[in-house]
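Number of protein chains: 2
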Amino acid sequence: MPVRRKVGNLLGLAVLTVLVDRPMHPYEMATVIRARGKDQDMEIKWGSLYRVVQNLERHGFVEAAGSERAGARPERTVYRLTPTGRAELEDWARDLVAVPEPEHPRFEAGLSVLAILDPDEAAGLLRARAALVERRLAAQRAELAHDRGETPRLFLLEREYDLAVGQAELDWTRALLAELLDGTFPDLPLWRSLHPPPSPPHPGGRDGRHR
Amino acid sequence: MPVRRKVGNLLGLAVLTVLVDRPMHPYEMATVIRARGKDQDMEIKWGSLYRVVQNLERHGFVEAAGSERAGARPERTVYRLTPTGRAELEDWARDLVAVPEPEHPRFEAGLSVLAILDPDEAAGLLRARAALVERRLAAQRAELAHDRGETPRLFLLEREYDLAVGQAELDWTRALLAELLDGTFPDLPLWRSLHPPPSPPHPGGRDGRHR
DNA sequence: CGGGCTATACTCGCAGCGGAGTATTCCGCT
DNA sequence: AGCGGAATACTCCGCTGCGAGTATAGCCCG
Numbered sequence: 453m454p455v456r457r458k459v460g461n462l463l464g465l466a467v468l469t470v471l472v473d474r475p476m477h478p479y480e481m482a483t484v485i486r487a488r489g490k491d492q493d494m495e496i497k498w499g500s501l502y503r504v505v506q507n508l509e510r511h512g513f514v515e516a517a518g519s520e521r522a523g524a525r526p527e528r529t530v531y532r533l534t535p536t537g538r539a540e541l542e543d544w545a546r547d548l549v550a551v552p553e554p555e556h557p558r559f560e561a562g563l564s565v566l567a568i569l570d571p572d573e574a575a576g577l578l579r580a581r582a583a584l585v586e587r588r589l590a591a592q593r594a595e596l597a598h599d600r601g602e603t604p605r606l607f608l609l610e611r612e613y614d615l616a617v618g619q620a621e622l623d624w625t626r627a628l629l630a631e632l633l634d635g636t637f638p639d640l641p642l643w644r645s646l647h648p649p650p651s652p653p654h655p656g657g658r659d660g661r662h663r
Numbered sequence: 453m454p455v456r457r458k459v460g461n462l463l464g465l466a467v468l469t470v471l472v473d474r475p476m477h478p479y480e481m482a483t484v485i486r487a488r489g490k491d492q493d494m495e496i497k498w499g500s501l502y503r504v505v506q507n508l509e510r511h512g513f514v515e516a517a518g519s520e521r522a523g524a525r526p527e528r529t530v531y532r533l534t535p536t537g538r539a540e541l542e543d544w545a546r547d548l549v550a551v552p553e554p555e556h557p558r559f560e561a562g563l564s565v566l567a568i569l570d571p572d573e574a575a576g577l578l579r580a581r582a583a584l585v586e587r588r589l590a591a592q593r594a595e596l597a598h599d600r601g602e603t604p605r606l607f608l609l610e611r612e613y614d615l616a617v618g619q620a621e622l623d624w625t626r627a628l629l630a631e632l633l634d635g636t637f638p639d640l641p642l643w644r645s646l647h648p649p650p651s652p653p654h655p656g657g658r659d660g661r662h663r
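Chains as they are written, first to last, in this note's numbering: chain X, 453 to 663; chain A, 453 to 663.
Fair warning: there could be bad hints in the mix.
It does not matter which identical chain is used: a pair holds within one copy or between any two.
[To be verified] No more than 25 Å apart at the CA atoms, straight line, and that leaves these computed lysine to any residue pairs for SDA-like:
1. 458 to 495
2. 458 to 568
3. 458 to 547
4. 497 to 568
5. 497 to 479
6. 497 to 596
In short, the hints are calculated from the structure, not lab data.
Use the sequences and the hints to build the structure in full.
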């Protein structure tokens with residue numbers, strides 16, 4: 453497995469990263485992370501921000517660098533990256549890049565239980581998904597093309613990657629869908645046998661229960 | 453977003469699925485899920501099993517169908533799927549299949565902070581990753597080919613999908629790596645400027661700090 | 001026939017996550 | 001000048017997840 457991190461939340465990675473440039477107070481970190489669009493790259497829940505910063509401090513990755521107050525309002529603690537924190541950031545990054553870990557997208561879980569749905573319904577759902585994915589890809593592609601003008605490619609790599617993987621997903625889905633629609637999919641009879649039509653006119657109570 | 457589930461843990465999905473066939477006690481569910489290989493499809497932590505079953509019961513998705521004891525040993529509660537539970541299972545499956553959700557693989561997070569590493573090191577890490585991914589793909593492909601003999605394709609869809617996406621990831625990584633190695637990657641100068649060599653012979657203390 | 005190993009079948013406790021809430025200030029509008 | 005809504009800047013608490021631990025039963029090996 454990938455090294456067990458003292459602070460595992462990826463929000464922590466984002467925090468360490470923005471602190472490389474300069475010390476900040478938590479709310480500002482949130483703003484900067486959002487501004488750089490890095491909140492799109494990892495599921496970030498802002499409710500966890502202060503908790504995560506606390507944990508980073510507890511483990512010596514960041515430390516308070518004093519506190520300021522602006523006008524009224526509770527004083528905000530400004531945090532700075534420690535050398536240990538910088539090291540942790542690099543180590544974490546290395547780990548994320550070099551060690552592939554089996555991940556488990558929702559779609560995979562969905563496919564693993566696809567057989568409990570009626571095959572015709574499943575085809576409809578796959579078609580719907582494909583349409584949505586296609587639209588999202590188009591939007592992402594447009595946005596990426598736009599940002600290329602303003603941001604060096606070096607900082608857009610994760611978006612390129614996303615696009616590549618998304619496209620592969622779409623292609624695979626479309627291929628499966630085609631097999632289902634033109635009847636080439638080999639297990640269709642088996643699959644249908646698991647889902648007897650609601651009530652055939654009404655012959656002698658046949659009931660093809662599976663198992 | 454995808455409907456908020458009362459029980460969100462995917463282990464719950466697996467539990468509902470095995471209960472379609474027949475009532476079971478928790479430990480048996482674990483055995484069956486493992487036997488069907490469905491534990492490969494979702495990150496399952498067995499420490500959560502009893503908790504998840506409890507929660508499913510609390511929400512009326514499963515219910516105790518009595519308890520048995522075998523020889524000595526604490527009596528095991530046998531659970532059965534309720535109609536609500538069956539409905540939840542189908543709804544959940546539909547949701548997982550039809551609604552694509554932006555996911556956030558570890559590698560994406562890694563790429564988003566790649567610039568903090570030295571470009572040469574980054575190339576090394578990408579190469580290492582590519583090698584590992586390639587080996588895993590080969591292993592998966594072999595295993596899948598083997599299982600094709602014993603299991604209908606209908607129950608192996610998620611593995612096919614995994615393979616397709618894994619291959620896309622590998623291709624993308626290799627392409628990026630090639631650009632880095634042959635110097636085609638456009639931001640290499642920028643990137644290098646963020647990482648001044650540890651200590652150049654020792655001229656007048658130049659220090660190209662970024663920002 | 002006894003000693004250790006593996007499989008069976010759970011329980012416990014706590015850290016961490018995150019949804020929801022809170023309080024204040026600022027700004028635009030009318 | 002008064003109101004409403006958005007942005008700022010957090011806090012709180014309950015539930016979940018899960019690593020670690022526990023205890024017995026069966027069984028294989030010498």
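Right, here's what the structure says about each hint:
| no. | hint | result |
| --- | --- | --- |
| 1 | 458 to 495 | both (19 Å within a copy, 20 Å between copies) |
| 2 | 458 to 568 | between (40 Å within a copy, 20 Å between copies) |
| 3 | 458 to 547 | within (14 Å within a copy, 34 Å between copies) |
| 4 | 497 to 568 | between (33 Å within a copy, 24 Å between copies) |
| 5 | 497 to 479 | within (13 Å within a copy, 34 Å between copies) |
| 6 | 497 to 596 | within (24 Å within a copy, 37 Å between copies) |
In terms of the numbered hints stated before, the structure departs from none.
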